[in-house]
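Asks: Given next are the chains, with one letter for each unit.
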Amino acid sequence: AQSVTQLGSHVSVSEGALVLLRCNYSSSVPPYLFWYVQYPNQGLQLLLKYTTGATLVKGINGFEAEFKKSETSFHLTKPSAHMSDAAEYFCAVSDSGYSTLTFGKGTMLLVSP
Amino acid sequence: GAVVSQHPSRVICKSGTSVKIECRSLDFQATTMFWYRQFPKQSLMLMATSNEGSKATYEQGVEKDKFLINHASLTLSTLTVTSAHPEDSSFYICSARDLKRGEYNEQFFGPGTRLTVL
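Chains as they are written, first to last, in our numbering: chain A, 341 to 453; chain B, 176 to 293.
For reference, chain A alone in the conformation it holds in the complex:
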């Protein structure tokens, strides 16, 4: 069975500050890892994904994440937060290219002026 742990249900940053959202996973096989963003009352939008290859993955809106197998982590970062980044972020894992996704509980990112 797979699982995802997102540390911190809420993360607050100031505009322009570094964004760091933490995600740790558990998987018995090499994982496929995803970060999604959800704005209020909307569906999920894929930010980035790791499948194989380069462990540093760049996504949309300036976000990136690094797959660290030794730490079983896939933390999401952005060098400089914008007000428009305020949303809920979900980390997800699957154990193959065709299986279902397991989501973390989400982290709400709050950006203050």
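Please note that the accuracy of each hint is not assured.
Below, simulated DSBU-like cross-link-like pairs (lysine-lysine); rule was C-alpha separation at most 30 Å, straight line [as the list claims (entries may be wrong)]:
1. B:Lys-216 <-> A:Lys-389
2. B:Lys-241 <-> A:Lys-389
3. A:Lys-445 <-> B:Lys-216
4. A:Lys-398 <-> B:Lys-216
5. B:Lys-189 <-> B:Lys-216
6. A:Lys-409 <-> A:Lys-445
7. B:Lys-241 <-> A:Lys-445
8. A:Lys-409 <-> A:Lys-398
Note that these hints are calculated values from the structure, not bench results.
Given the coordinates of chain A, work out where chain B should sit on it, guided by the hints.
Replies: The following block gives chain B in isolation, referenced to the frame of chain A:
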């Protein structure tokens, strides 16, 4: 590309009635569609996986007779909440996967449907 729509976006119904939610892939053929339920400030919980032309696979604890899923075509899946009760009030989100386009298990999500049962 890879747009998924849901209809309606919001629905309010009386207890005991049935509600149908549609999920459509607008620009691709979805061999597999997923239905999720999301409670306020919580994560997405997978309810069922539906493959075109076959019966849906429900997750443990999800009542098949209450949440009817039909995936009659490669672009449409429907979720019917039968005899809805207030505890069924939730945000329902569908996603679709196209094995031709979405390799590595990428799912494309709809905007969600807010169901309120009075």
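Asks: Does each hint fit the structure? Answer for all of them.
Replies: Here's how the hints hold up against the structure:
1. B:Lys-216 <-> A:Lys-389: 23 Å, holds
2. B:Lys-241 <-> A:Lys-389: The given pair, whose Cα atoms are some 34 Å apart, is violated under the 30 Å limit.
3. A:Lys-445 <-> B:Lys-216: Given pair Lys-445 (chain A), Lys-216 (chain B) holds - Cα atoms ~8 Å apart, limit 30 Å.
4. A:Lys-398 <-> B:Lys-216: 27 Å, holds
5. B:Lys-189 <-> B:Lys-216: 24 Å, holds
6. A:Lys-409 <-> A:Lys-445: Holds - the C-alpha atoms of Lys-445 (chain A) and Lys-409 (chain A) are around 21 Å apart, at most 30 Å.
7. B:Lys-241 <-> A:Lys-445: Judged against 30 Å, a Cα distance of about 25 Å means the pair holds.
8. A:Lys-409 <-> A:Lys-398: 17 Å, holds
The earlier numbered hint that this structure contradicts is number 2, and it is the only one.
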